[in-house]
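Residue numbers (my numbering), protein chains in the order written: chain A, 5 to 416; chain B, 5 to 416; chain C, 5 to 416; chain D, 7 to 127; chain E, 7 to 127; chain F, 7 to 127.
No lab work stands behind these hints: they were computed from the structure.
Treat the hints with caution; some may be incorrect.
With a straight-line cut-off of 20 Å between C-alpha atoms, the simulated PhoX-like cross-links for lysine-lysine are [said to hold, decoys possible]:
hint	chain 1	residue 1	chain 2	residue 2
1	E	K104	F	K58
2	D	K104	F	K85
3	D	K28	D	K85
4	F	K28	E	K85
5	E	K58	F	K28
Here's the letter readout for the chains.
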Amino acid sequence: MSGADTGWMILATGMVLLMTPALAFFYGGLVRSKNALNTMMMSFASMGVVGVLWAAVGYSIAFAPGSAWTGDLRFALLRGVGLDAKGSIPHVLFMAYQGTFAVITAALVSGAIVERMRFSAYLVFIALWGLVVYAPVAHWVWGGGWLGSMGTLDFAGGTVVHVNAGVAALVAAMVLGPRRDHGRQAFLPHSVPLVLLGTGLLWFGWLGFNGGSALAASPVAALAAVNTVLAPMATALVWMLLDAIRTRRMTAVGAATGIVVGLVAITPAAGFIGPRAALALGAIAAFPSYYGILARSRTRLDDSLDVTPAHGLGGIVGALLTGVFARAMWGGGDGWIAGKPSQVAIQGVGVLATLVYSGVASFVLLKAVALVVPLRPPEREEAVGLDVLEHGEEAYSSGEGAVLVLSDGGDR
Amino acid sequence: MSGADTGWMILATGMVLLMTPALAFFYGGLVRSKNALNTMMMSFASMGVVGVLWAAVGYSIAFAPGSAWTGDLRFALLRGVGLDAKGSIPHVLFMAYQGTFAVITAALVSGAIVERMRFSAYLVFIALWGLVVYAPVAHWVWGGGWLGSMGTLDFAGGTVVHVNAGVAALVAAMVLGPRRDHGRQAFLPHSVPLVLLGTGLLWFGWLGFNGGSALAASPVAALAAVNTVLAPMATALVWMLLDAIRTRRMTAVGAATGIVVGLVAITPAAGFIGPRAALALGAIAAFPSYYGILARSRTRLDDSLDVTPAHGLGGIVGALLTGVFARAMWGGGDGWIAGKPSQVAIQGVGVLATLVYSGVASFVLLKAVALVVPLRPPEREEAVGLDVLEHGEEAYSSGEGAVLVLSDGGDR
Amino acid sequence: MSGADTGWMILATGMVLLMTPALAFFYGGLVRSKNALNTMMMSFASMGVVGVLWAAVGYSIAFAPGSAWTGDLRFALLRGVGLDAKGSIPHVLFMAYQGTFAVITAALVSGAIVERMRFSAYLVFIALWGLVVYAPVAHWVWGGGWLGSMGTLDFAGGTVVHVNAGVAALVAAMVLGPRRDHGRQAFLPHSVPLVLLGTGLLWFGWLGFNGGSALAASPVAALAAVNTVLAPMATALVWMLLDAIRTRRMTAVGAATGIVVGLVAITPAAGFIGPRAALALGAIAAFPSYYGILARSRTRLDDSLDVTPAHGLGGIVGALLTGVFARAMWGGGDGWIAGKPSQVAIQGVGVLATLVYSGVASFVLLKAVALVVPLRPPEREEAVGLDVLEHGEEAYSSGEGAVLVLSDGGDR
Amino acid sequence: MKIITAIIRPEKLTDVLEALFKADVRGLSISRAQGHGGEIVQVTNYRGLTAKMELHEKVRLDIGVSDPFVEITVQTVMKAARTGEVGDGKIFVVPVEKVYRIRTGEEDVEAVTPPMIEGSV
Amino acid sequence: MKIITAIIRPEKLTDVLEALFKADVRGLSISRAQGHGGEIVQVTNYRGLTAKMELHEKVRLDIGVSDPFVEITVQTVMKAARTGEVGDGKIFVVPVEKVYRIRTGEEDVEAVTPPMIEGSV
Amino acid sequence: MKIITAIIRPEKLTDVLEALFKADVRGLSISRAQGHGGEIVQVTNYRGLTAKMELHEKVRLDIGVSDPFVEITVQTVMKAARTGEVGDGKIFVVPVEKVYRIRTGEEDVEAVTPPMIEGSV
Ligand SMILES: Nc1ncnc2c1ncn2[C@@H]1O[C@H](COP(=O)(O)OP(=O)(O)O)[C@@H](O)[C@H]1O
Ligand SMILES: Nc1ncnc2c1ncn2[C@@H]1O[C@H](COP(=O)(O)OP(=O)(O)O)[C@@H](O)[C@H]1O
Ligand SMILES: Nc1ncnc2c1ncn2[C@@H]1O[C@H](COP(=O)(O)OP(=O)(O)O)[C@@H](O)[C@H]1O
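Excised from the complex, chain A in its bound form:
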């Protein structure tokens, strides 16, 4: 076991852990203030729900030896997950590091259905989704499953995390239907500074997300981290230019979105391509997501925070471009440019499999949850805002006088 690798992976774990609150700020800033806490709680609650279930069984499903489809349950309840080495780091650290991925992937989905989902239904959904969708897909690619064996290149989760969350988000937005005032009202972000805070922390954390996926403080980790710095710079630059060309102005939300799209796109490629290719990949990735968001906002599809165009499309583009730009000299395999065009097809299979499985399974799960608890709150609640009615709180209280103390208990 290596001290350097252990130190680095502890930090990478902390950085990815921080990405879930960061996502809460990113998403929370984009919604209206009457739903800000509900939106942020969707991310924070994932740490409790998905995190605990990951330790209980998810990790075993994803990373225990087993079939090509799922792991067996030998690591359930962390049996045998201790200080023995997994690679060059303690097994327990590997488990926690991967757990932070499960937590944030589930939280990513929430962006599509903010401002209109019952919180209890959401909790049940992500609890199931983390075990039934995320864990198996992670197994396919990283846990010894069929996609990994087939040679799919997914350095840090372009497919497992982003395509996966993106298609689940699409399905969720369709199943839940649009917000009641969608299309009649401009939903403007209640706090763009909060969005920018989320962006900054996400970028920082993503160095642990991509760099840590090397599982060691190795040159490949360095490459992955550097590419995670470079690609979003290029994406943001292109995004700002596209904005300027279209509207003659560069929005801050646009820059933030561009950065996130760049981070998504470089994820599958991070340790497999060189820094110049990373800049190119980042620049290219701006286009589909930029125009995807434009197109999405002209439809009735209320994927409220554009998870599908940003993460789904961004993840697909990243996965395919990984097959284009990869070069064995950087540490993975060769892609099209290096003479192996078939890698693009292999990447396509990974994407497709994830699209189909996650899409269908997410649909089934949502419909199943709907049998037990209605997915959407009553209309009045949506109008007043979910913070007060679902959580009994307001994001920003003026505090003075407005509220009187009750003498007793908590039932509403």
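Using the hints, position chains B, C, D, E and F with the ligands against chain A.
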């Protein structure tokens, strides 16, 4: 000396340093906006006051060889604290790492007396408290003092930091008395997003707090960090469920509080127990603090931000459960479950000693400070808010027009 | 190549990367809300513009072998910048680490001209400035250029970053002229919590800025990081006392400013002086900047966020005091106290050269940009705020109803 | 001249604005308000505490109109702001002695007729 | 019908609301305001700058009442909002021509009588 | 007694306050408002969406004055708040039946005369 350990400990120092601003956001978001800056300055000022005094003498009192009660002054003014090795890292780094603990412990106390303490009195109090209370108690446990010799297990400061701050907070709340409108007015958090920001950064920093307490990038550090990820997940989950059972709603402030309580409780145990025990400890720790806060809020005790139930109670529970769950195989000693029930008693002695010493000393210090400068501002100041009158600032200025420039100097 | 060094430098890169969003919050909180996004975008955009250009040519100008004045273009477009070792870390990582410095230095300049510069003009300016001013000056000191050869001590960029940005800021404030309501209106920070958030993250990031400048997880890195903890504590303490003496109150913005000034001042000295000297340096550095800000605000010079007194003056003081306090035993060279008074003069030459070159070049660049696009927006735009008119956004939207959806495209 | 002050639900603001613009009432000011009336009381939880939220978010419109426009304005707001549930709000009609347009100094009826030439496309 | 507009200290709002509810005045709207009067001027420091805060935080209440309720409402607010120090605020009584309840279209006195059946427990 | 309600541009607030104080009008309350009139419509972009900002930031002043002060107050505000471009705002003069000073219970003219002895230096 080890590069891996040095790198890791630099980062751990940075992470714990970041926890003090994080605490400022956590506390600052919970108060009313008219006191937000005063509350945040209580944390930020601790970095200046307690930090400088730590370097001047506090470190020597805590960590220089000396008696069972305090260290001597050989390291005063950092004499002899240089690049020579302390364990496997430079001595100066060890000093700074420990300094960040002193800073945040003093800042923790402030949560009990927000919105009603004269800032000058507060500064004098924490200056003294850092030297007279924190440094000796740190010496007892970690600096070669009697509690450490007795076999008390306190991995990262459940007793030294949290029980210590918790009881000082209780005493401070009693000495200062409640806010003038306490019990008549619902004090609602002016910005829950700020609270959640504090929570996210605290959690991130706490990996350095607990993981860094291994003082090396070792498997024990990894274990401590992983437990710091897992335990609060369990606490938050239980806390949300308790919330839901009681009020049928899950609050964001509740989730944030649950996370912090979980972090507090795992602190003494982090490197001594396994990950499954960490989940159990986290889940158990939710109960006393949850009901402690409920009970506290039904009394006249205005421990405004519930430092006593969250940190005091959480720290006690964590310290005792460390004596229950500890297992020598993870790196510390054995506890009750591993066949050494007496460890629980030893833990109890550590808790008790801290409760008594910190309680009495904090009381004496506050009374002494009150002789020099009144602890509380006049009633009008409390009504208008401390930001404007104590700091000459507002947290949020509308900016436009409201204010005219004076031609000269600064005296009010 | 060393795993420990690689891991540490990845993190240092991430931490310095995070400093640019942190700066966005620090600056963004200080302006009025109608210009908050414009101000923050000035930092965020630097990540896109300066970051990409750094990879394209800036890095080569700064760090390729070449003359005493600039590097040649051998590393242009990252040719030959791969996983081979540069010192003990991959070359590509060194490039990215240095890139984060270029990004934040350009962003620092923006503080002087907030609330009144056309965004397009700003982008062109920093694009040129990063290549024409920052990259050569970095070459002089760190890239094998004449100042480095002369023996100038600049551990982490007191001269290259802070003096450089400070004088450019001064020139920019003079060229652009004051805001139209400057001197008639009190410009109060719209969100001091945002300023404090920026401060906290800057401090955290600065441990990577200074500690990472050792380019290894070495004792010198630890020393630099520790000094980066200690010096600002002393500066903040002195600053608060100066505040209290002058106005009988301690402002939060003052504490934040003190921390930043301490961070600036320790930057050139971080790895060259001992921890006690760091405390002294931090304490001393408070005075010139404190009184510099007082003096500045009594003039017509609208260096809006005091970049000149904070970074310029702080950087100069730090650079000169490095020549006073340096001691070869800590790893650099000897200074005055250690018996080499001439080092102060050498430091002075470095400062002077930067002042002259950056001052003149920044002036020429701004005048050149002004030929192509007017530097300032029309008066009405300044009155209404740049967020709406330059970016088509508001930082904080009430959201409800106020805005109706247009059926189509984006041209204004 | 009258000022029509309406207190409405925030989520109805867009509807009300649209309706007013259609009815050619184009000059108005709004501000955020909070109201108490017969609404169902909401409960807030903060840690151990439970509190009644006696005040609900509302939006206040102030519309200066000349006398012939009073009726249509009131009816327009009433129709657009109504949900039928308690809490829809109130409309007050207040007499005004004089109105001035700051830009030109025009008074009364002239003062409240927006300059239709520019803008408002 | 009258509108009673009161400008009070924010820290007195709870007292005033409680007093009004006890006096059975249950329909009202509030909004945040800032005021200038004879208050002691506070000073703000921002770096080198010192500024006078000419405006103090206040809360504005607007209470529509029928004529018999005017006196009791004014007296209730006056008593509950008073501290005796400069800055307690003002009460304005403004005549109203017409009041409507948006939910039902009821007018005047009926419009300002909250539906006591539901809610407000 | 009258209340003079002025809707002005926020960036003109300092000018207006200064002018009023010079004209010895020292009692007033302000609040944030948003207004719609004939202003040039601004456009907002949020991702794919483009929206018209129908409402512009304004500040509302409410100034209670005794009758002889009405004219000077109106003129002062009008002059100080004017830029000449569309959007300068409106001034409404509303009759008031009664004014009370909460601190003392003084009525009408006495109620709106600030206590010049203390403070306001
Ligand atoms: N007498 C009043 N004066 C001023 N505002 C009032 C008054 N009564 C009600 N309001 C406002 O109207 C809102 C709705 O009133 P309420 O009586 O609850 O509903 P409804 O009019 O549907 O019966 C309140 O929240 C408050 O803002
Ligand atoms: N003429 C006025 N018109 C409108 N509001 C006023 C007027 N005079 C005072 N106010 C409001 O009342 C508040 C307190 O007034 P002030 O004259 O300072 O105190 P007091 O009424 O106790 O003498 C002011 O802050 C302002 O909000
Ligand atoms: N009829 C009205 N009632 C209330 N406020 C109005 C009215 N007309 C205009 N306003 C306010 O005045 C502002 C400017 O009005 P506008 O008609 O655009 O400009 P101008 O008065 O210069 O022609 C608006 O934004 C709105 O706040």
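Hints, one by one, checked against the model:
1. K104(E) x K58(F): Violated - the C-alpha atoms of K58(F) and K104(E) are around 33 Å apart, more than 20 Å.
2. K104(D) x K85(F): 17 Å, holds
3. K28(D) x K85(D): Distance ~13 Å between K28(D) and K85(D) Cα, so the pair holds.
4. K28(F) x K85(E): 33 Å, violated
5. K58(E) x K28(F): Holds, because 16 Å separates the two Cα atoms, which is no more than 20 Å.
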